[in-house]
Every structure is written in structure tokens, then in C-alpha cells.
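Once you've looked at the hints, dock chain B against the given chain A.
These protein sequences, in sequence, are chains A and B.
FYI, in the working numbering the residues of the first sequence are 1 to 273.
FYI, in the working numbering the residues of the second sequence are 1001 to 1347.
A few of these clues could be false.
[Stated by the list, open to error] Derived DEER-like restraints, expressed as beta-carbon distance ranges:
id, chain 1, residue 1, chain 2, residue 2, range
1, A, G159, B, V1122, 50 to 58 angstroms
2, B, P1081, A, L66, 38 to 46 angstroms
3, A, R94, B, N1087, 50 to 58 angstroms
4, B, N1087, A, S137, 43 to 51 angstroms
The set of hints was computed from the structure by calculation and includes no laboratory data.
Note that this is a predicted model, so its numbers are computed, not measured.
Note that CB positions come from ideal geometry on N, CA and C, so glycine has one too.
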Amino acid sequence: MYPTPEPLVQVRGLCKTYTQGHWWQSQFQIHALDNVNLSVSRDSTLALVGESGSGKTTLAMCLVGLEQPDAGEIWFEGENLLAPSTREPVSVRREIQLIFQDSAGALNPRMSAAQIIEEPLLLRRHGRSKERLELVSEMMARVGLSTRWKDRLPHEFSGGQRQRVAIARALVLRPKLLILDEALAGLDLSIQGQIVNVLLDLQASEALSFLYISHNLELIGHFVGEIAVMYQGSIVEQASPSELFAHPQHPHTQALLASMPVLKLAYSAHNEG
Amino acid sequence: MEVARANPACTKKCHVSGDPARYLLRVRDLTVQFCLDVGREFTVLDTISFDIAPGEIVGLLGESGSGKTTTALSLLGLLPPAARVTNGSVRFRGRDLLSLNENQLREVRGAEISVICQDLSVLNPVMRVGDQVTEVIRAHRRWTARRAHEEAEAVFAAIGLGGSDRIYSAYPHQLSGGQRQRIVIAQALACKPALVIADEPTAWLDATTSAEVLDFLKRQRKLSDTAFLFISHDPATLATLADRIMVMYAGQIVENGPLHDLYTQPLHPYTRALLQCAPQQSARTDSKYRGRRLACIPGSPPDPMEVLPGCSFSSRCKDRMDACDARSPEQVQPSASRLVRCLKYGG
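Extracted from the complex, chain A is given alone in its bound form:
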């Protein structure tokens, strides 16, 4: 039923419920994830779209282990991450990395760019300091940051450059899955393009899958193998971009597509350069 070879990540029947209200108040439950099934194949990109509050970020949090789901299974490379396993959870987690929307809040303001990118290596006790520094320089070059900026602090970078530092930090441990939680929202168009190009180049050069979470469908045609639409905690539709945009099945997908502003009177210079 699933395409061969075996997908990198397979999520089955994942549920997460939050209870709101204290004991002295009337309590009610929010089903953030309601029986979610999802699979991400190797070296490809899955986009997860849906309006705010549909449970996209909760799913990302469960995948990286920042939230504990109530029920369900997360299979990563043949291992169930939620079962008490023989492998240390930490060593699996290094293969799944997460990038947040707000890069300013995700970087320590008092550490330099090089220190931020080196930190995951230090936590893994990876190599000698010289090797680590070489790896940091290599990572900075790959995401398009000048190595002259090693000693800059996060506030000295622009938004796009900060997002590159976050990407370099996430990729320095060579993960197999990178989760981008609205990582491009709030960036300028030209910067968005630059970051997407960095990600496409990285994906072309090494085995890397992306889970691209967004409420925005604009970049998806360039970027994505499959799109999953999330609505009120469940995946209501999953299809390739051409199928989804041409024949949206679920009413919520139709509403989502109708509300997207698109450049219809576009200057057609795409073939020019």
C-alpha cells in the first residue's frame, strides 16, 4: 500500500489532545491531532498546509520529540520512535531537525554565528575543535554565508541571514529529515527565493527529506513532491501539486485554494533569464 522503497518517516494514527481550563474551571478538550496518517519518502519533500490552529506545528513537535503524543506510532527508518527502543532516543532525534519561523527567537542572542552552528557538534562531542571549526566554515559556505561573519551576533544579521544560520545549525549534524515550520514566512520575496534555492541545492547534493509546513501555497509548486492538507487535526487530502491544484477534492482544500492571492497578471519573464 505504501510506495517502495520504505518511506523515511511513517506516522500512523497519531493523536494528541490538549485539555484547557484548570481544575476549578470547566474543562474542555482540543483534539490537536486526530488520527493522523502521513508518510515522507526519502530525498523528497512533503508539504503540510492548513490554516492556523489545524495542528501542523503540533505534528512537527511530536516528530522531533518536543511533545509526547497520546496515541499512535511514528516510524523512522524502521524504528518506532514512541516505543521504548533499544536505540537511545537522542541518537534518532539528531536525524530529525526542526527550523522555526522566528529565527530571532531560536538563536541565542549572546552567541556568535560560529558558536551557534558549532553547538550541536559540541553536544555530540563530535571531533576535535579544529575539525569542528572546519565543519562550521563548510556549513556556512553551503548556506551562502560569508565565513567573515563567523563572529557576528544574531542581531547583526538580517532576517534572511539569520534563517540561514538556523539552517546551517540544523544541517551540521547531517540529519535525514529537516522540518521547516513556516521557515519562509515573513521573509522578503527575493530572500525567500534565495533560501529555497539553498534548500534545493542541499537536497540535490545529499540525502535529505523536507517536511515543509506552511499556511501558504505559493512556493509549493517549485518545491514540493506531495502536498498534505490538514484541517482540524486530521489530514483531509494528500496529492501531488498538479493534481491538488487542478482537482481539489475536499471542500476545505477548495476554500484554501480560492483564498490564495496569485499573480495572474504576471509579467512573463520567467523564460527570459
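Below, chain B alone, put in the same frame as chain A:
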């Protein structure tokens, strides 16, 4: 009007709007400088000139740091203390806004020109949202509390939050992002201003909510002939509602023209590059775009602290000529409704 004198091709009306004789806001040669230390001054807005006609929706398009928000703030005298207007004039209904004192400005703000901020933290967290809208009305009208309350409820009904007391008497944290955004819009529209400055009002909303908000603003224009200065970094958002687009780069308006003309035939190389960056509709269904690199503008915008001679876009420009590094282009008018600031067109 030095711009007009400098170039004979540009007649004395070096501005564009629906009807040149009838304007609501007229900004001429507005220049704003920031002063960090003594002697360390840099120019954030460089001789900005534009007009807004009554009921017109003007889109201000540009990347972050290009001076969009500074333009909005300088119109209402809301600049931070480090900033200073060094030149230019802002005329609104024939009055010079820059010469008004703080008390006179307070009467203009909210009643005649109002601002919708991007940041929803402008709402008071410990005050009911209905009271926050009533407060705006009572600040400008000598009305009884009851009448102001009725007026606020009418505004709530108009923006689609009416009919129930629940939202009127809620606190900001009890509402969703889209509802809070509507409250901020309700505050801005409560006194029926002639001009609303909307600074990226939909940047943090998801697609469905943002479409509703944009729809509402368009209806508002039809209903009450309110003019909008709509600030955004996204060409697609502006395409849904603007009549005219002004493109901003490094503190200058580099191009100004009607929406359709500007999007289909951009003149300035920056506008062209920016529109190429925008994801196209065909990219959605056409699988040939899959995995294809996006067009992007190489390099980054110039640092306002380092002023180099010549055009500020020259280092990133595809059509750069030798003359571009020598002098900064003037604004020229290649056709009746369009303005551009580029040496290619003789600026």
C-alpha cells in the same frame, strides 16, 4: 519641485493620480534622516513624492528596510525621536501636516488619517475590545457614552463581528488572530477617516483569513470612499486590491504606475526582478517548475549607513550601465500615468 525643474520631459505635474486636480494627500520631496550619534546621520527616505486621490487604493511595495513603514509614520508625525524630517512637505486636504503641533496632530490621527498596524500588540490586553473601539470614537466626537457605544456596535456589525455581545466584551487574548486583526481595523475605521494607512495588515494571517480581511477593506472603499495606502512586500496581495502601485527601494520610490501596467510591463529593473521572484500561478500546476530554482535578486539591499555615489540598485541590476555608478537618477515620466527613477529612461 526640484524634480520637475531638473527634467524638461517631466512637466510641472510630476505626479500621477486619477485626477491631478483632486487629491487627498500630496507628499513632495519628503526626506527623513536618522541620527544615531552626532555626525552619524543617514538618509532613510530620499525625496519621496506621491499623491493619493480620494477613494484610491495605493499599494506601497518594497522589501523590508526599504522605508515603507518610515513613510507611513512620517505622514502622521509618529517617527521615533532619532528621526528627523529634513525636507519636503505633506499636504492633506490643503493643510501641511508637518507644521502641525502635537495637539493638532492628535485631532488628525484616527479621525482623518488612521493607521492599521502589522503588530497586533497595539491592543490593550486588560481592556475589553469593544471599549477600545468606543474609546477611539469618544476621543474624537463629543458624544455620550451610549451613542459612542451604539456607533461602535455598528462598526462591529460592518466588519462581520456584530450580532453578539461575546466578541464586544471579550479581551484581546480571548480572540483569534483574525478577529484581533478585525478589531484593529475597526479602531482604524471607527471615525470614518478619509485615508487609512494599512501597514502589512495581513502579514501574519493565514490565507483564508487574510482573503476575508482584504475583501472587507475593498468593500469599505466602495461604501465610504475611503482611500488606502496599503503597504506590503507581496506583489500578489497588492494585485488583489490596489489601483496603483509604488515600488520602493532603499528609501526611494523607484516606480509608480497603475497596477495593471506596472505588473505587465514593469519599467524599472528592480520592479522587474521583484516580480520575477514572485511565485507564478503556472508554477502550481505545471510540473516543469518542480525542483527548479527560483529567480532571485543577487546580493542584498544597500546599507543605509554607506552612501555610494550613483543609483542605489546598480550593484544588483542586470541592465547596469557605466553612467549608473556616476550619478543618481532623477524621476522621469515616460508616459502619462507612470513615473520611474532610472537612467535607462533618461532619468
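Cross-check of the supplied hints:
For the pair G159(A) and V1122(B), the beta carbons lie near 22 angstroms from each other, so the given range of 50 to 58 angstroms is not met. Between P1081(B) and L66(A) the beta carbons are some 41 angstroms apart, a value that agrees with the proposed interval 38 to 46 angstroms. At about 57 angstroms, the CB distance of R94(A) to N1087(B) agrees with the hint of 50 to 58 angstroms. Taking the beta carbon of each, N1087(B) and S137(A) are about 46 angstroms apart, inside 43 to 51 angstroms as hinted.
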